[in-house]
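**Q** Here's the letter readout for the chains.
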Amino acid sequence: MSGIVKEFPGVRALGGVDLDVRAGEVHCLLGQNGAGKSTLIKVLAGVHQPEEGTVVWDGAEVSLSSPQASLKAGIATIYQELDLVPELSVAENIFLGHELSTVGFSQRHRANSLTRELLARLGHSEISPGRSVGSLSPAGQQIVSMARALSRDTRLLILDEPSAVLDQEEVNNLFRVIRGLTAEGVAVVYISHRLEEIRQIGDRITVLKDGRTVATGLPVSETPTAELIKLMTGRSIEYVFPPRPTAVADQPVVLEVAGLSLAGVFRDVDLTVRAGEIVGLAGLVGAGRSEILETVYGARKRSTGTVSVDGRPLRRGSVTAAVKAGVGLAPEERKSQGLLLDQSVYSNITVSSMDRFARVGFLNRAGEKHKASELTTALDVRPAGVTRAARTLSGGNQQKVVLARWLLRDCRVLLLDEPTRGVDIGARTEIYQLVRRLADSGVAVVVVSSEIEEVLGLADRVLVVREGRVVHEAPSTELDESKVLDLVMEGNVA
Amino acid sequence: GNEKNDDDQDLGGGTTQADSGSNDEAGDKIVIGFSAPAADHGWMASITDSAKKVADQYDDVELRVASGTNDVNLQISQVETFINDKVDAIVLLPFDGAAMTPVALKAMQAGIPVINVDREFDDPNAARVTVLGDNYGMGVSAGAYICSQIGDKSDAVVAEIAGIDSLPLTQERSQGFKDALADCGQDVDNRVAADFTVEGGEEAAANLLQAAPKIDAIWNHDDDQGVGVLAAIKNAGRDEFFMVGGAGSANAMRSIQAGDSVLQATVIYPSTQAADGIKLARLLGQQKNMSDLVEVEVPRTVQLYAPVVTKDNVDQFIDTAFES
Amino acid sequence: MSENTTGAAGPASADTARVEAAAEETAREPNRAVALFRSSAGRNTGLVVALLLLCIVGAITAGDRFSSSDNALTILRLAAVTGVVSVGMTFVITAGQIDLSVGAILALSSVWCTTLATQQTAQDSHWIVMVFVALAVGAGCGLVNGLLVAYGGVVSFIATLAMLASARGLAEIISNRKTQIVDVPGFVDFFDHELFGIEVQVYIFVLVAIAGWVLLNRTTFGRRTIAVGGNPEAARLAGIDVKRHTVMVFVLVGLCCGLAALMLVARTTTGSSTHGTGLELDVIAAVVIGGTLLTGGRGSIVGTVIGVLIFTTLTNVFTLNNRSISEQSLLKGAIIVAAVLLQQRLASRNSST
Amino acid sequence: MSENTTGAAGPASADTARVEAAAEETAREPNRAVALFRSSAGRNTGLVVALLLLCIVGAITAGDRFSSSDNALTILRLAAVTGVVSVGMTFVITAGQIDLSVGAILALSSVWCTTLATQQTAQDSHWIVMVFVALAVGAGCGLVNGLLVAYGGVVSFIATLAMLASARGLAEIISNRKTQIVDVPGFVDFFDHELFGIEVQVYIFVLVAIAGWVLLNRTTFGRRTIAVGGNPEAARLAGIDVKRHTVMVFVLVGLCCGLAALMLVARTTTGSSTHGTGLELDVIAAVVIGGTLLTGGRGSIVGTVIGVLIFTTLTNVFTLNNRSISEQSLLKGAIIVAAVLLQQRLASRNSST
Ligand SMILES: Nc1ncnc2c1ncn2[C@@H]1O[C@H](COP(=O)(O)OP(=O)(O)OP(=O)(O)O)[C@@H](O)[C@H]1O
Ligand SMILES: Nc1ncnc2c1ncn2[C@@H]1O[C@H](COP(=O)(O)OP(=O)(O)OP(=O)(O)O)[C@@H](O)[C@H]1O
Ligand SMILES: [Mg+2]
Ligand SMILES: [Mg+2]
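Line by line, the protein sequences are chains A, B, C and D.
For the first sequence, position 467 (counting from the first letter as 1) is numbered 548 according to my numbering, and the numbering increases by one without interruption.
For the second sequence, position 263 (counting from the first letter as 1) is numbered 271 according to my numbering, and the numbering increases by one without interruption.
For the third sequence, position 256 (counting from the first letter as 1) is numbered 359 according to my numbering, and the numbering increases by one without interruption.
For the fourth sequence, position 124 (counting from the first letter as 1) is numbered 227 according to my numbering, and the numbering increases by one without interruption.
If we strip away everything but chain A, and leave its shape as in the complex, we get (with noise of 0.2 Å):
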């Protein structure tokens, strides 16, 4: 690909990139939120038409018209945002495009054995074919996305950002797969906020920043990270947490949860957060540390249990009770739960503290969108205008503007779940930041990590959950990346 241009109105996501992928390598793309990665990989699958550029495959110009063109050519595509039918089945979403067939009858009976040998290749066979693919987890899903592109004939495999969904078992397994595809001459490029992994799986770096390409082609083994991030963010960035306060005891106790359980997903769950103190929960995905937070949240009707704030107790089953004693949530998945997505910026910040922008009914926009536009450049949220469609922005810009709604609102609790996924390296330093920055100003935080380095760089207190018992809790100075581990997968310690 060559001198690609991609103009949204108003933006132009693509000024002029260049990439060359080669036959059986991983070909990293980096960049921050918004500098244009999924959108060059969109023109590859033929979602996008660029307005100018040309691409090159097997030494010829072709262009990639449709979605249809590129996946004849052999190029396939797993999508940073889900891109399955919740309705059909594991393995009609599979085969869906190019379902087995005889005369259009579906042969069933193939698609579900083939399916069950792609998801054994990926370690999932506990995952039924017939099954519908709306009631797995997200993480779930995301192996599903990519049993589909492993089904087609592929010679490019795209991976935007797989490994956000996923713990370490999974990527270590998704790897497996990445580098049997590789032996076999398919070329794959990766896309991934975590650098870690790039050293492991990778081959060959492309850098973009700001729609441009700042460097292509760098081997992944002799190019320092520091260069990277160099490259990525024009700045040179320690990835560092910042540092915790010394006395978090003596606060009061803010959050208060005892008892708690949804029948079937998790139970007897107690948590106690003093404000000023940050609390992670690490496990595994699928442990069940989502639906804990929704049901703090009231989000879910919990079976049993209290909840209280500040000594009050919420009302079961009320998001409404919650947020109205202070209780703000930034959920999993932002797209589906946390934002609307044709709204302006502001009004996605707003919407939660509506009443303070009212006089009797009345709202005062002028105000509500210079108190924004404070917060999106304060997190700087690319671009700045808060008047734009929060769908335009990139998938990490859109994680900040959901934690601008919390930050505006002045919570006494803030329930972060996965905060940072899909978020660039120089974004996350800043949202580590700003969340202790929010403890220290007296917010009780609870915080759910697939990334157990963050858990415990962040928390002040880790409690440890599996199948949805809490497993085991200790202040995170006195656990490791290890331990914790152990703990998830093995529960043994408690």
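None of the hints are false.
As a list, the in silico DSS-like pairs of lysine-lysine whose alpha-carbon atoms are at most 25 Å apart:
1. D:K281 - B:K186
2. A:K382 - A:K416
3. A:K382 - A:K405
4. D:K281 - B:K114
5. D:K346 - A:K405
6. A:K405 - A:K416
Since the hints were made in silico from the structure, they are not lab data.
Use these hints to put chains B, C and D with the ligands onto chain A, whose structure you have.
**A** What follows is chains B, C and D with the ligands alone, placed relative to chain A:
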């Protein structure tokens, strides 16, 4: 020419005669506005068609036909448009007489004579002339005919297939029917309502035949839906009863003439009322009178007669019947 | 196949749990008939119960007049026309669209296939000509709808509303608002013919329902319809030509309207521009009550058929009981809501066990 | 506002640029009137052009008869009843729901507020009693709809379809299918009163439209409506009581139906169970043509008003031009599609500049 002297036949829609004296000579050019409910069944379509046909016969009449509608709000607005337009007369077959009264009054106050057709206003001042069908009389005719056929058979089963049940005219017909049956000690054992369409007639009749395993007589309000009713009867293979129709379509009359179905008779409800209305509107607009009458002025009310058509007299009526 | 966990480096216990769940799910599979019945009965329990309740009420209040096999046939015959269109509509709604023009298309087809000219040709050759005309008109209108929606970008609500006005207008112009009576020998006989005591119309309904079920659940076309309705963007990314598929779905419902027109023409022995007035709401109501999601992505032919039967039986029971139309309509609303609520409660209980 | 960057580790220069960009985007705002005009004209160019074209056609074909101010008032008066309901419906559709029962609610309100008993009470006290009754009936029906949808979990299409049947049935029972004539002094006078040559009904329409615009675009209620329709799950997680809000939206449209019933009662001096038949499709068509998304999350009151005017003007031009009913309906379909396509092309051109 034609052999009957009734006003309504004289003004018959389909015929092209012009022999009623000097009234048919060209006068001042006048514009007549016409508004009627949606032509969603044969009778109503025929109302509009015959009105247009009569208007076409006169070079001195320009007819403005508003889109047929069952929405009173829209029909009011159509009349308002005619008033703005300063037409010379308005012929109005209201979807609902009472609802159209205020706007008709407004037209009259603006000096435009309104000819009220079929469904009556609730204020006599709202129309200069009212041409009425006789809905109650229709029910009475049908009931009386059925009485005459089944006599005083005490356990006779009489069924009724009404038209659109929420229209006042349907209620009047049913009332007349009930009253006439009461005179010979009968009552309506099964009653269903259709919607004046063939399809509705078929559906209602299919269910009705199921509801009543044995029937002696059926009155079906409308010959248009009657086509469907007859189809349902044929489907069910029933023929133990006779049927009386309503409105008087050409189809029904041919069927009566041929005597090949359970349909023995039909009660005419003239579909030429609006055509009469147009003729009267023209007379009013040109300040003429009705030449067959001694009166200097056109009368206030003309009520049409609802005769029963049977095999014996069908030849008399079949030429003026409407094609549904 | 539950042993195939080699390579997954996951911890044993977690995997075991998962494997058990998987095994349980697959264990059911061999016994397909049972599974099929369970799943479709499960999803439709509420509807079936509602229909049964209705029948019980009918049997109690109207006795033999309701429970006779004649009456059952009457109900089925009345359900046939609506039913055929509803099967087609299930596809449209599953694909995330709506079609308000079905009644008007039916009217236009019925009129076009009963014009003097058509009937003349049919008499000169064979009544099958009328069948072709009706199906072609239906498919043609569907094609226009589909093209407007898929390539013109007009939302289907508006595009088919426009078609509703235009098709009915055209039907009126062609028929000159007269009821056109059919006298092509063979035509009415064929469609009103009885086989083993049951009318051809009922067979047609049953065949269309079965074909619709197979098409939706067992073919590529059906799966793609669900994909297009469930997540059009994902369908596009998977290489499905969403636009072409949308057009096909509208053509399909158009064909169903053409077929229904033939059935109605045979039943009433007429073609008329008033045929099918208000049909759209009845059809959509039956489909939606049957559990097809108005937002697309989920459709149930079995549900649709039960939905149609509920409505037809309801009218039948009311008529047998000699209730006034006003009472019918008051109660109808209540019964619709009750059926839906029942369906919900039972379905959720079923899925949670 | 640009100084609040402490803690964000970014270098000064980048930050300054960004704040400037943000400021720039907000800078346009002071000139609000212009911006408002630009945005709303921009979004509705196609509609405005379609309406203008229609007026030009009217003026050419019907001359003064069309262009007179009397005729304009006739159009507005006709638009008033539909318009008031359409404003309410805009909220329902923006909130991601639909209401098929508006016509039936209007009928029930009109009947209830004109029963002998109500009229007697009104005569004994004041005609305002009738206003209360009509609004209460409308709001009550809306409340039932809302509760069924929000708390009963019945999809709005079905819940309101059931209400359509029940409310009309009840209206027929109450009125015994008779047209009820109003003779409460003052009532008709008030609503049919003229102020500066324009009827009160037109003022009511204008006021309702303005109030609707303000409510949708300038209040928390409107913002919540958009949020609930755009992404109910996200709205719920952001702390909005989605269920309660849904109920309120249905009550709002119910109130609009009550108000429209009063207007229609005054206009026709009658209450009748046939009032508002088929109103639902007209209203939904006007709202959707006006650019409100049927899937929710975007609504435009200005668009709705233009949509209503397009339909009313169309009928007016047809009436003035003496086209046959069938031709009207044929053309109406074509014109609807043309208007939507025009709107699309112009809107997309406008947004790309
Ligand atoms: N559909 C769209 N309409 C308008 N602008 C868009 C659209 N999609 C992306 N953009 C813009 O294009 C730029 C590049 O976005 P892209 O999603 O490619 O970033 P990315 O590098 O994948 O970021 P992330 O790491 O956060 O996923 C961003 O500024 C984004 O706002
Ligand atoms: N809608 C649902 N219906 C049924 N089961 C569900 C549903 N959502 C989640 N689950 C189940 O609940 C459990 C926990 O879900 P989830 O994957 O969200 O946990 P988690 O610890 O938050 O993991 P993640 O890292 O993905 O956030 C899993 O067993 C999952 O299959
Ligand atoms: Mg991206
Ligand atoms: Mg989770």
